[in-house]
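One-letter residues, chain by chain:
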Amino acid sequence: MNCRQFNEFILSFKRGELPEDQAERFRAHMELCPPCVTYMEQYDTTIELGKGCYGEKGAPQQMPEELVRAILASVEPRDRPPTA
Amino acid sequence: MPHSTSPASDAERVESLRRGDPGAFEELVRTEGPQLLAVARRMLRNEEDARDAVQETFTKTFQRIGDFSGQSKLATWMHRIAVNEALMRMRSRRRKPESAIEDLLPLYQENGHPVEPAREWGEPADRALQREEVRDLVRESIDRLPESYRTVLLLRDIEGLPLAEISEALGATVNATKIRLHRARQALRNLLDPHMRGATA
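As they're listed, the protein sequences go chains R and L. Going by our numbering, the first sequence opens with residue 1, and the numbers climb by one from there. Going by our numbering, the second sequence opens with residue 1001, and the numbers climb by one from there.
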């Protein structure tokens, strides 16, 4: 397995989807090629950076008041479930 | 991603919504609205479209609350509706021809060795993310991805949808979606590389 092939297999390897013989060659390449290991670490870091770049999930944010009013006004009684 | 609510409070909320309690509608808009608006803004990058998608998400929620099975959290169910509303708007708006991803992918020599072997980045993700300029850089880099790659990356890595669900929403095979996700991550890594290499811990 060369570096190009290693790179192509990263996601499948991480998802545990490589057949065992290919997974074995993938792991063997890791032993021999520090730059590819670095690349794979950066691939993971990239995922973490993507996850984190939009700020704290669940952090309280304000809903624009005019949007709240527009939504409440736009939901006509016919859209609502029947009142008990 | 949806924030957590306990199943008990979900059940109460759903019950109130099904009864048509106006207070419950408003409470739902105020508690879930900000998260849904954030999703729509990320995907659509246009405030008017994002608000429109959120409004439609609530309309559909109210219309379909009778069908809500309770197998997922209410917030998760609404998150899926919002993602689909945003996707519909992305599909319907006139798009420029998409730029090619190839320019952003790693380059290899004929023997399969990289033209530019990876060199260490200065710091781990958690530390880098503490700096606003890094968060800005990552968001701007995601925005530089061709639209269809950006969409898959957002849905998987930021919104946390399973690949199978993304494939279904996009009308693609799981394998094609997986390849697209891998390309998107490769491209994002390449865009970040020169900046992250220079980063100091």
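Just so you know, these hints were derived from the structure itself, not from any lab. Treat the numbers as computed from the prediction; the structure is a model and nothing was measured. Backbone N, C-alpha and C fix where the C-beta goes; we use that ideal spot for every residue, glycine too. Check the hints yourself; a few may be wrong.
[Claimed, not checked] Restraint ranges, calculated between C-beta atoms of paired labels, are given here:
id: 1; chain 1: R; residue 1: P35; chain 2: L; residue 2: G1198; range: 37 to 47 Å
id: 2; chain 1: L; residue 1: E1133; chain 2: R; residue 2: D21; range: 37 to 47 Å
id: 3; chain 1: L; residue 1: H1195; chain 2: R; residue 2: V37; range: 13 to 23 Å
id: 4; chain 1: L; residue 1: L1107; chain 2: R; residue 2: K51; range: 21 to 31 Å
id: 5; chain 1: L; residue 1: Y1108; chain 2: R; residue 2: P64; range: 26 to 36 Å
id: 6; chain 1: R; residue 1: V37; chain 2: L; residue 2: D1143; range: 23 to 33 Å
id: 7; chain 1: R; residue 1: V68; chain 2: L; residue 2: H1195; range: 32 to 42 Å
id: 8; chain 1: L; residue 1: A1172; chain 2: R; residue 2: P35; range: 15 to 25 Å
id: 9; chain 1: R; residue 1: V68; chain 2: L; residue 2: F1068; range: 16 to 26 Å
id: 10; chain 1: R; residue 1: R27; chain 2: L; residue 2: R1144; range: 13 to 23 Å
Do the hints match the structure? See the list:
1. For the pair R/P35 and L/G1198, the beta carbons lie near 18 Å from each other, so the given range of 37 to 47 Å is not met.
2. For the pair L/E1133 and R/D21, the supplied restraint of 37 to 47 Å holds, since their beta-carbon distance comes to about 45 Å.
3. With their beta carbons about 21 Å apart, L/H1195 and R/V37 fall inside the hinted range of 13 to 23 Å.
4. Under the hint 21 to 31 Å, the C-beta atoms of L/L1107 and R/K51, about 27 Å apart, fit the expected range.
5. At about 48 Å, the CB distance of L/Y1108 to R/P64 disagrees with the hint of 26 to 36 Å.
6. Here the CB-CB span from R/V37 to L/D1143 is close to 29 Å, well matched to the stated 23 to 33 Å.
7. For the hinted restraint 32 to 42 Å between R/V68 and L/H1195, the CB-CB distance of approximately 38 Å keeps it satisfied.
8. Here the CB-CB span from L/A1172 to R/P35 is close to 32 Å, at odds with the stated 15 to 25 Å.
9. Checked against the given bound of 16 to 26 Å, the beta carbons of R/V68 and L/F1068, roughly 22 Å apart, stay inside it.
10. For the pair R/R27 and L/R1144, the beta carbons lie near 33 Å from each other, so the given range of 13 to 23 Å is not met.
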